[in-house]
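Chain order of the listed sequences is A and B.
Read in our numbering, the first sequence has 116 at position 116, and its numbers run on one by one without any break.
Read in our numbering, the second sequence has 1051 at position 51, and its numbers run on one by one without any break.
Because the hints were derived from the structure by calculation, they are not lab data.
Worth double-checking, as some hints may not be accurate.
Under the rule of at most 30 Å between Cα atoms (straight-line distance), these lysine-lysine pairs were calculated in the BS3-like manner [stated by the list, open to error]:
1. B:K1147 / B:K1157
2. A:K3 / B:K1054
3. A:K3 / B:K1207
4. A:K3 / A:K72
5. B:K1207 / B:K1162
6. B:K1054 / B:K1207
7. A:K72 / B:K1265
8. B:K1054 / B:K1157
9. B:K1157 / B:K1265
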Amino acid sequence: MAKQHVTTTINGNPVEYLCESRQTLLEVLRDELHLTGTKEGCGTGDCGACTVNVNGRMMCSCLFLGVEAQGKSITTVEGIANGEKLHVLQRKFVEHAALQCGICTPGMLVASKTLLDRNNNPTEEEVRYWLAGNLCRCTGYNQIIEAVLDAAKEIRGA
Amino acid sequence: MSSDMRYEAPATLEAAVALLAGASGVARVLAGGTDLLIQMRGGRVEPALLVDIKGIGEMRSISAENGGFRLGAAVTAMEMSEHAAFAKAWPGLTEAAMLIGSYQIKGRATVGGNLCNASPAADSVPALIAAGATASILGPNGRREVKAEDIATGPGKNSLAKGEIVASFLLPARPARSGDAYLRFIPRTEMDIAVVGAGINLTLDEKGVCTHARVCVGAVAERALLVQAAADALIGTPVDAAALERMGAAVSAACRPIDDKRGTKAYRIKVSAVMAKRAAAIALNRALDRARGTK
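Using the sequences and the hints given, assemble the complete structure.
So, in structure tokens, the structure goes:
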């Protein structure tokens, strides 16, 4: 069967691509569009490394077909910084040493940004539950939680 | 994976039914994809046709109907929890759906998908059955209404005929003194599959006596079990400790679980009573709180 033609928006830019109907959005992002910031961990929706934001909701891009992106607006980790200027979450992740190997980081950043876009004053418990689907085997999570709470504080201007 | 899978995203239910009914090979409905895409990746199912039903308005909305709610089968857990009136009327069902996976999954996974995927451990299903939900199914021969408990028949198996789609659920009008609750047991706090789940829905009269109850337990049989004997143990009582003990005993007696890595038969049988009693206590408090609120 011919490849499917998809018109979508990625990180604010109109994008068109051709994909197989079985290809996941994760495969399209990495292999067709060369947006390799989004990582594959488990491939089954358990680890959150491939988290992207679709129309304001965070999703595992491994559980989302490339063809489903038609007409949607997608944000990946590449869309978080403003050019060379890091987003406050990215800066706080660096300051708090909230990453080591870095595989979980793109998903952590997209998930954290989705949370702070909804609620810029979350409790520690809310952050921990919100990020329950993002696994990190390096940090033990505390630095990540601290970075998110610190970023929220800066966003609130507190 | 072979690459010759056809993907369709029809705008109407009728078009979706026609696609499924006319399919010559394996056809699947794609809702949230949180089970189906994993099954496809693992090679357990290789559809020739995927029908993505998320563009069908009737399946994506929650609306008032006959004093109750019409819940689209492709409404996600997050959408349900964000619908204030629905979440207030059915806190147990809403909480059950919000126990499914991470927030990434809750933003994708649908109630209809959870039911039709037919996992015996599905979290929203005991709550949906306890709520007395009726599924509205459209197929090549028209519409039929089926109680939620009659959809799943066993692990991965449901009673839908070829071409049929669960379009929506009708949640009945709530009498004044009603409450529902769902609890599951897992060995950690998040991101796990139920060892046992229990959904309770009950209604009290003005004197606080239970007039209506539905008790449904998950992960203790090949499908979620609606336990009439457990409901009968609550009806006519003030849902006191003695009634809860009898209800729990009836739940345990109805369980026919398997041993697996999540729990043994004996453990599940015992814990099912514990979960059902605790859920009933929450449902009772919700009913009493509502009674106070209406005074």
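Here is how each hint holds up against the structure:
A hinted pair counts as satisfied when its Cα atoms are at most 30 Å apart, and K1147 of chain B with K1157 of chain B qualifies at roughly 16 Å. Among the hinted pairs, K3 of chain A with K1054 of chain B is consistent with the structure: their alpha-carbon atoms are about 21 Å apart, no more than 30 Å. Using a Cα cut-off of 30 Å, the hinted pair K3 of chain A and K1207 of chain B is violated, with the two alpha carbons roughly 66 Å apart. Taking the CA atoms of K3 of chain A and K72 of chain A, the gap is near 19 Å; set against the 30 Å cutoff, the hint holds.
The straight-line distance between the Cα atoms of K1207 of chain B and K1162 of chain B is roughly 49 Å, outside the 30 Å bound, and the hint therefore fails. Proposed proximity of K1054 of chain B and K1207 of chain B is contradicted: the alpha carbons are some 45 Å apart, above 30 Å. A hinted pair counts as satisfied when its Cα atoms are at most 30 Å apart, and K72 of chain A with K1265 of chain B does not qualify at roughly 46 Å. Under the criterion of a C-alpha separation no larger than 30 Å, the hint pairing K1054 of chain B with K1157 of chain B is consistent with the structure, at around 22 Å.
At most 30 Å may separate the alpha-carbon atoms for a hinted pair to count; K1157 of chain B and K1265 of chain B meet this at roughly 22 Å.
In summary, the numbered hints that this structure violates are 3, 5, 6, 7.
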